[in-house]
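Number of protein chains: 2
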Amino acid sequence: MNATQLSQLAQSFDLETWSANGLAEIEASLNQWIPPNAPANLTESMKYAVLGGGKRLRALLVLGAFEAGIAHQDQSELAWRREAALRFACAVELIHAYSLVHDDMPCMDNDVLRRGKPTVHVQFGEAVALLTGDTLQALAFEVLTPEHSLIPAQLQAKLCGLLARAAGHNGMAGGQAIDLKSVGKHLNEVELSHMHKLKTGALLEVSVSAGALCSGVTDTALASLKIFGSSLGLAFQVVDDILDVTAESAVLGKTAGKDADTDKPTYVSLMGLDAAKHKADVLLVQANQALFDSDLSHTNALVAIALKVVNRSF
Amino acid sequence: MNATQLSQLAQSFDLETWSANGLAEIEASLNQWIPPNAPANLTESMKYAVLGGGKRLRALLVLGAFEAGIAHQDQSELAWRREAALRFACAVELIHAYSLVHDDMPCMDNDVLRRGKPTVHVQFGEAVALLTGDTLQALAFEVLTPEHSLIPAQLQAKLCGLLARAAGHNGMAGGQAIDLKSVGKHLNEVELSHMHKLKTGALLEVSVSAGALCSGVTDTALASLKIFGSSLGLAFQVVDDILDVTAESAVLGKTAGKDADTDKPTYVSLMGLDAAKHKADVLLVQANQALFDSDLSHTNALVAIALKVVNRSF
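Protein chains in written order, with our numbering: chain A, 1 to 314; chain B, 1 to 314.
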């Protein structure tokens, strides 16, 4: 089966049911790992920031990559491998949630609306928003290092390292710093792609890699899945730029036209709407080819997620 | 030798030379671990926030606890054990540095002066300050998870878990949240101590525990060292409150009288200056007793650090 046939097959995959099952598990776990009695009103603000509303693309990528890899493994290790994947899925969502809280703050993007609700600093004040983000980042590493668990220490340490690198200077936070300095500047396509590779790509890519790692795939398959993750990450951003121009705020759940208003460089401003759409399609083909190259057979969920990203319900 | 004699002995310990050697190593390591080519001006802002100026109490506690424990160990493991301690010493300083950057921001303490220099948001702007703190927190976990190192994965995972828990909702960030809600409120001594146990105590205590853990001490000795760490942590805060009333801004390197001005509860406002001084002395005795109880013999550096905290050059 080639990459195109793979894609056709995935269109018959029931992503809705698969996602609903995954989401139920992710939401329950996140709810369990947010401490119920954190000081002051941190429990309330963390729950507000994390629960109810996210589409959980990153977490679903972890679970999708895990499923692709685990089918080929010794099933006796299934329990701790699955626990590790679920913990990483939640950890990456905690990092993503913290980044949204901080990015929305007045000194950054100054957004008042997120998923159709007031942003955390509007709801709880700026100081609490700052602390909520800080706490969520620390919580992600707590979730990855359970004190009583069968997850081997080697995997725990590896997952911490992967997440820290994807979240930090050479990942999400670094990309955000480039974004901040790029407002009103002309970036060429290489520079724009580099920014997005860090800002959103790193976390999407690590979701795929970590899920695969938890499942115990070969290095060769892991390398292919990384390419899938990076292609998908870039596609996600191109589609985001397209939607910023074409969609309504109500559909986005955030303020539309924001990037254009603040004179941020986007794929649409760089190459025009049609070329941006074409680029998203090319990236989808690349992503599917990488899955095909992985030689893994249970990749239906990943293909279906990629398709949904480009046709954009994520 | 009892705890009092221990304390007398430590007065003859050359803390200055010991600290200077430790500091040189810590500064060199921190300098090495701040990425030289981080995006935008993050390298510059991270260096500004982290290097040059800190007294490195937390890092020195890690090294002091490590030295107390390592004397009793198999010396063949010295190299990786020492590397682990040094990495933790730097990681805890990165967490401390990020917390100062965020705490100084206008939405929190709104401080413009830190260690006699403009605070990070004054120097680089609020958005960069926010990102710098976020990046430093992630960097701490990068430093603890080296990809090529003899440090066992089990120790790496344990150190990540300890640091995450000391930095998060049940540690530093949680304490800061309580502090934020306590302005203008009356706290009793139990409530005030709980706040400080989280806000500053958790990071000081984990510095001692992690240093000891890297050295490979017994659980019994570790338990005593934890008591040393928590007593010292509280003593540190009591002395901080005393100095806020009695010292000049130039000596503190930050704005004096700030807590009284902003109507924050302090040990001095709660119990008066003399009683606060007495409390600090009692905590010092407790800390020394715990070291005595640990049965470790090379505790000179820790005793000398504790004495210096209470006589306050730290």
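If you're looking for bench data, these hints aren't it; they were derived computationally from the structure.
A hint or two may mislead.
Pairwise CB distance ranges (calculated) [stated by the list, open to error]: (1) A/311 with B/188: 52 to 62 Å; (2) B/74 with A/14: 49 to 59 Å; (3) B/190 with A/186: 36 to 46 Å; (4) B/32 with A/150: 29 to 39 Å; (5) B/115 with A/188: 34 to 44 Å; (6) B/36 with A/110: 30 to 40 Å.
Glycine included, C-beta positions come from ideal geometry on N, C-alpha and C.
Results of checking the hints against the structure:
1. Between residue 311 of chain A and residue 188 of chain B the C-beta distance comes to about 59 Å, which sits within the given range of 52 to 62 Å.
2. Judged by the Cβ atoms, the range 49 to 59 Å given for residue 74 of chain B and residue 14 of chain A holds: they are separated by roughly 57 Å.
3. A C-beta distance of roughly 59 Å is found between residue 190 of chain B and residue 186 of chain A, which places it outside the suggested range of 36 to 46 Å.
4. Range check, residue 32 of chain B to residue 150 of chain A: Cβ separation about 36 Å, and the 29 to 39 Å hint holds.
5. Between residue 115 of chain B and residue 188 of chain A the C-beta distance comes to about 40 Å, which sits within the given range of 34 to 44 Å.
6. At about 32 Å, the CB distance of residue 36 of chain B to residue 110 of chain A agrees with the hint of 30 to 40 Å.
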